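Undergrad: Listed below, chain by chain, are the residues.
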Amino acid sequence: MITQQQSVVAPNALKPKTTKLGINLAIAYSVFAAAVVGTFAGKSFAPNGFELVVANHYDLWFCVGLALVGWVFRSVGGHKGAIITMTILSCFIILTLNQGQLVRYLSLSALLFSMGMYGMGQSRNAVRVLISIELMLNAVNLNLIAFSRYVDPIQLKGQLFAIFVLTVAAAEAAVGLAIVLQLYRNTSTVDMNRFNLLKW
Amino acid sequence: MIPNGAEVFKLSRLSIAWLSIIFGIVWAVCWSIGVGLPMLLEGQFGERVTLINEILKAVTPIVAILVFIPINAMFMVLIERRALAIFTVRKGPNRVGPDGNLQTMADAVKLLLKEDITPTGADAFMFTLAPILFFAPSIFGSLPLLAAVTNNHDLFKILNLPTGIFYILASASLPVVALVMAGWSSNNKYSLVGGLRSAAQAISYEIPLVFSLITVCLMAGTLDVVKIAQQQAGGILNWNILGGGALAGLNQFFAAIISGQGADKALAAFYPYGGLSYVAALVLVPCVFMSFCLYLTSACAEINRIPFDLPEAESELVSGYNTEYSGIKFAIFFLAEFTNLFVVASITTVMFLGGGDNPIPPYLLDKFTPFPQMIAALRETPLVKDLHLINPETLFATFWVIAKVYSLVFFAILIRGTLPRFRIDQLMNFGWKRLIPLSLIIFVLVVFARGFVISHG
Amino acid sequence: MSYDNLTALLSLPVMETWMFYVLSALAICLGVGVLHDRVVIRSGFILIGVFGTIAGFFLLLSAQFLAMAQIMIYAVAITLVVVIALMLTNPRLEAERTAEPDDDNMPAMAKFFASCKRNMTLWISAFSFITLYVAISGENRWPVAGLPVAKDQVKVIGEALTTTYSIPFEFSSVLLLAALMGAIMIAKNEPLHDPDEEPKKAIEDSKTQENNLALTR
Numbered sequence: 001m002i003t004q005q006q007s008v009v010a011p012n013a014l015k016p017k018t019t020k021l022g023i024n025l026a027i028a029y030s031v032f033a034a035a036v037v038g039t040f041a042g043k044s045f046a047p048n049g050f051e052l053v054v055a056n057h058y059d060l061w062f063c064v065g066l067a068l069v070g071w072v073f074r075s076v077g078g079h080k081g082a083i084i085t086m087t088i089l090s091c092f093i094i095l096t097l098n099q100g101q102l103v104r105y106l107s108l109s110a111l112l113f114s115m116g117m118y119g120m121g122q123s124r125n126a127v128r129v130l131i132s133i134e135l136m137l138n139a140v141n142l143n144l145i146a147f148s149r150y151v152d153p154i155q156l157k158g159q160l161f162a163i164f165v166l167t168v169a170a171a172e173a174a175v176g177l178a179i180v181l182q183l184y185r186n187t188s189t190v191d192m193n194r195f196n197l198l199k200w
Numbered sequence: 001m002i003p004n005g006a007e008v009f010k011l012s013r014l015s016i017a018w019l020s021i022i023f024g025i026v027w028a029v030c031w032s033i034g035v036g037l038p039m040l041l042e043g044q045f046g047e048r049v050t051l052i053n054e055i056l057k058a059v060t061p062i063v064a065i066l067v068f069i070p071i072n073a074m075f076m077v078l079i080e081r082r083a084l085a086i087f088t089v090r091k092g093p094n095r096v097g098p099d100g101n102l103q104t105m106a107d108a109v110k111l112l113l114k115e116d117i118t119p120t121g122a123d124a125f126m127f128t129l130a131p132i133l134f135f136a137p138s139i140f141g142s143l144p145l146l147a148a149v150t151n152n153h154d155l156f157k158i159l160n161l162p163t164g165i166f167y168i169l170a171s172a173s174l175p176v177v178a179l180v181m182a183g184w185s186s187n188n189k190y191s192l193v194g195g196l197r198s199a200a201q202a203i204s205y206e207i208p209l210v211f212s213l214i215t216v217c218l219m220a221g222t223l224d225v226v227k228i229a230q231q232q233a234g235g236i237l238n239w240n241i242l243g244g245g246a247l248a249g250l251n252q253f254f255a256a257i258i259s260g261q262g263a264d265k266a267l268a269a270f271y272p273y274g275g276l277s278y279v280a281a282l283v284l285v286p287c288v289f290m291s292f293c294l295y296l297t298s299a300c301a302e303i304n305r306i307p308f309d310l311p312e313a314e315s316e317l318v319s320g321y322n323t324e325y326s327g328i329k330f331a332i333f334f335l336a337e338f339t340n341l342f343v344v345a346s347i348t349t350v351m352f353l354g355g356g357d358n359p360i361p362p363y364l365l366d367k368f369t370p371f372p373q374m375i376a377a378l379r380e381t382p383l384v385k386d387l388h389l390i391n392p393e394t395l396f397a398t399f400w401v402i403a404k405v406y407s408l409v410f411f412a413i414l415i416r417g418t419l420p421r422f423r424i425d426q427l428m429n430f431g432w433k434r435l436i437p438l439s440l441i442i443f444v445l446v447v448f449a450r451g452f453v454i455s456h457g
Numbered sequence: 001m002s003y004d005n006l007t008a009l010l011s012l013p014v015m016e017t018w019m020f021y022v023l024s025a026l027a028i029c030l031g032v033g034v035l036h037d038r039v040v041i042r043s044g045f046i047l048i049g050v051f052g053t054i055a056g057f058f059l060l061l062s063a064q065f066l067a068m069a070q071i072m073i074y075a076v077a078i079t080l081v082v083v084i085a086l087m088l089t090n091p092r093l094e095a096e097r098t099a100e101p102d103d104d105n106m107p108a109m110a111k112f113f114a115s116c117k118r119n120m121t122l123w124i125s126a127f128s129f130i131t132l133y134v135a136i137s138g139e140n141r142w143p144v145a146g147l148p149v150a151k152d153q154v155k156v157i158g159e160a161l162t163t164t165y166s167i168p169f170e171f172s173s174v175l176l177l178a179a180l181m182g183a184i185m186i187a188k189n190e191p192l193h194d195p196d197e198e199p200k201k202a203i204e205d206s207k208t209q210e211n212n213l214a215l216t217r
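Residue numbers (the numbering used here), protein chains in the order written: chain X, 1 to 200; chain H, 1 to 457; chain E, 1 to 217.
Keep in mind that the hints were calculated from the coordinates and are not lab data.
Just so you know, these numbers come straight off a predicted model, no measurement behind them.
Watch out, some of these pointers could steer you wrong.
DMTMM-like, lysine to aspartate or glutamate: derived pairs with alpha carbons at most 25 Å apart [to be verified]: (1) E:151 with X:152; (2) E:188 with H:425; (3) E:155 with X:152; (4) H:189 with H:314; (5) H:189 with E:37; (6) H:227 with E:159; (7) X:157 with E:159; (8) X:157 with E:152; (9) E:188 with X:191; (10) H:157 with H:47; (11) H:57 with E:16.
Start from the sequences and build out the full structure, keeping to the hints where you can.
TA: This is the structure we're talking about:
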């Protein structure tokens, strides 16, 4: 706790107006929680999963170093995205390094799906919400194709389903963007919080 | 007579000289990286350098393309200026070098030495990324074509994909995004309008383009460009431009007549339903020829050649999406445009004009010429046997490919000298109301007629 | 060498692991860029990179056809539509996120809960990722068939689409057509009863674009 307080105070002296304490705290906690849950999940589902992570010092410290590099970028005034990216990336590598091929792909698609979910909830621009939905659909496609590669490599049902997802995504993008355009013409805003005509 | 015959003579002399220089350099590079260096290394170090040799062989096509593109673009710019001068009865470039033949080299040096300016308010990263994204697909997209025109030569089969033509189309659709990116990031309204025009135009004209190529794939039964090129071997009647293999039976029929055996059997084998099959073949021939014309038209629109060059219309938008570009970035745009023209001509050659195939059928060729003996004699010489300096199988194919591709390029230049530019609404009407319905009709006709003819037996 | 050199090269185990991590690093960086970039149009352009890397994953999973379709449909068509829509709507008017209250007097736990409340979406998405990961991971959880992938995938997909799945395929084409027409109808600016109007969506868009230029720039 003390180190966190200090690291918050020190940049504040340099940059008076950027206090992104809340989001940084939340990300740090969530990374910690994800790592803990992930390692325990690895321990419970895989025999020797936890020991493998810990024994493989090089990889672990590589990932921790990656996160530290991100933190340093942040503290010297780098882009805020740097640390988020670094933490997510290192968390992802820790979680998937000792898993099988299929689980890696599935974890990546879960990560992309959650990122799309975050963007869908967080962004106020309607078009960016649509972009996030496209990201989620892509994650689903990745999932389906990973399954079709590793579980069903002869009949390729996953790829077939991915083709249908592709067409639905194209239709969704066309109609959704047309709706956004028309909304913009009528209300001259694309802010999601302003679209509250049906709220009671 | 031709009013300026001297200019025509200069043009043809120039083309022959430049083409021999270009392909001599490319051939030397290919041989030295793909064959010569591995042989030398293996002679020196034996088995230890196998991995290095594999890597060398794998990078050969990319190096060949990277060497080929700049000199080819210089040649194409020069020949375009000269040919346009002939069409409009004036003198072309005539100052730099003998007869102005070094004009494009001087231009290239000028472009490379110019200052590279990023305008104020521009998104610098996107501004730099756009030319790269415009140029890279034309390199990577043309790799399967290399395998196709050299008949799956050992050095060039690294990217011989089973989904070849789909790969080419996917990479050919990427530059549009780069144009929108260039237009948006240069902080200039003319650039933005140019980029948006290119997006609208490319999306509209991609549909007839894909349909015309799908027609050919439907007749060939595969997406693999190497297989499509191999199927068309054996004379002009087998080429896809004449019915997509619907006349293959006719070809066999002529071969049987000349060899004097089983002429009627050959016809029956390829046209199993009698009169219905002949009608189907008669439908297929104009349909596939129409799709060839459709492909040329929509490819012209896709790469912004002149009747469709609305994204860079000089008279309305200053220069469209590349208004703000200068120096090496502009040079990359310029290079990529001419490379795209060349790639389109190569796709047409492989998909419609038989790749490296000789237009004279082999049954006639074997009778009249000593080519087979010549090739056999060539194969025995030490140049081929020990050094692999010349590949006798692909020697003539290379000549035919070069002839076909540069005739198509010349055809595009001819169109540029002939036709005026479209207006944007005319362009959209032409695309959506003429080309797309026409391509759909052709597609449906080919689907139904294909079942009655056995193509490419 | 097998039937196709690229697939053979990509299916080497070492190659696959390295390529997977390089591509996933790219995908995560670009994905964060898409969600985080302040200029919305630039995030629309970064989206091309995300789709491109996902096409790279498809190549790794030896689904070539889908990779090409991904590039052609997602990375070019959908991204272009998104970018043009972003240019037509005016993203500069989007309000910045409200500044977070800087209250240093709160205790740590209260601060923590306040940040939780502010970043509820973040927590939900992190929680969903952890849930999904716990559900996914573990050895022998999935019935992984150790078979090599089918050699002529395009043929398998084509046959399945025209025989077993022909009705969904037709329905999806009808859906696409309906969506196309619906999008044109929705995005059209004029009243519907005008008799001599023409469905020139692209021209309308370019005209509106020219009108909006003064606003966007």
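Undergrad: Hint by hint, note whether the structure agrees.
TA: Here is how each hint holds up against the structure:
| no. | hint | verdict |
| --- | --- | --- |
| 1 | E:151 with X:152 | 13 Å, holds |
| 2 | E:188 with H:425 | 17 Å, holds |
| 3 | E:155 with X:152 | 16 Å, holds |
| 4 | H:189 with H:314 | 14 Å, holds |
| 5 | H:189 with E:37 | 23 Å, holds |
| 6 | H:227 with E:159 | 20 Å, holds |
| 7 | X:157 with E:159 | 12 Å, holds |
| 8 | X:157 with E:152 | 14 Å, holds |
| 9 | E:188 with X:191 | 21 Å, holds |
| 10 | H:157 with H:47 | 23 Å, holds |
| 11 | H:57 with E:16 | 22 Å, holds |
In the structure shown, no violation is registered for any of the earlier numbered hints.
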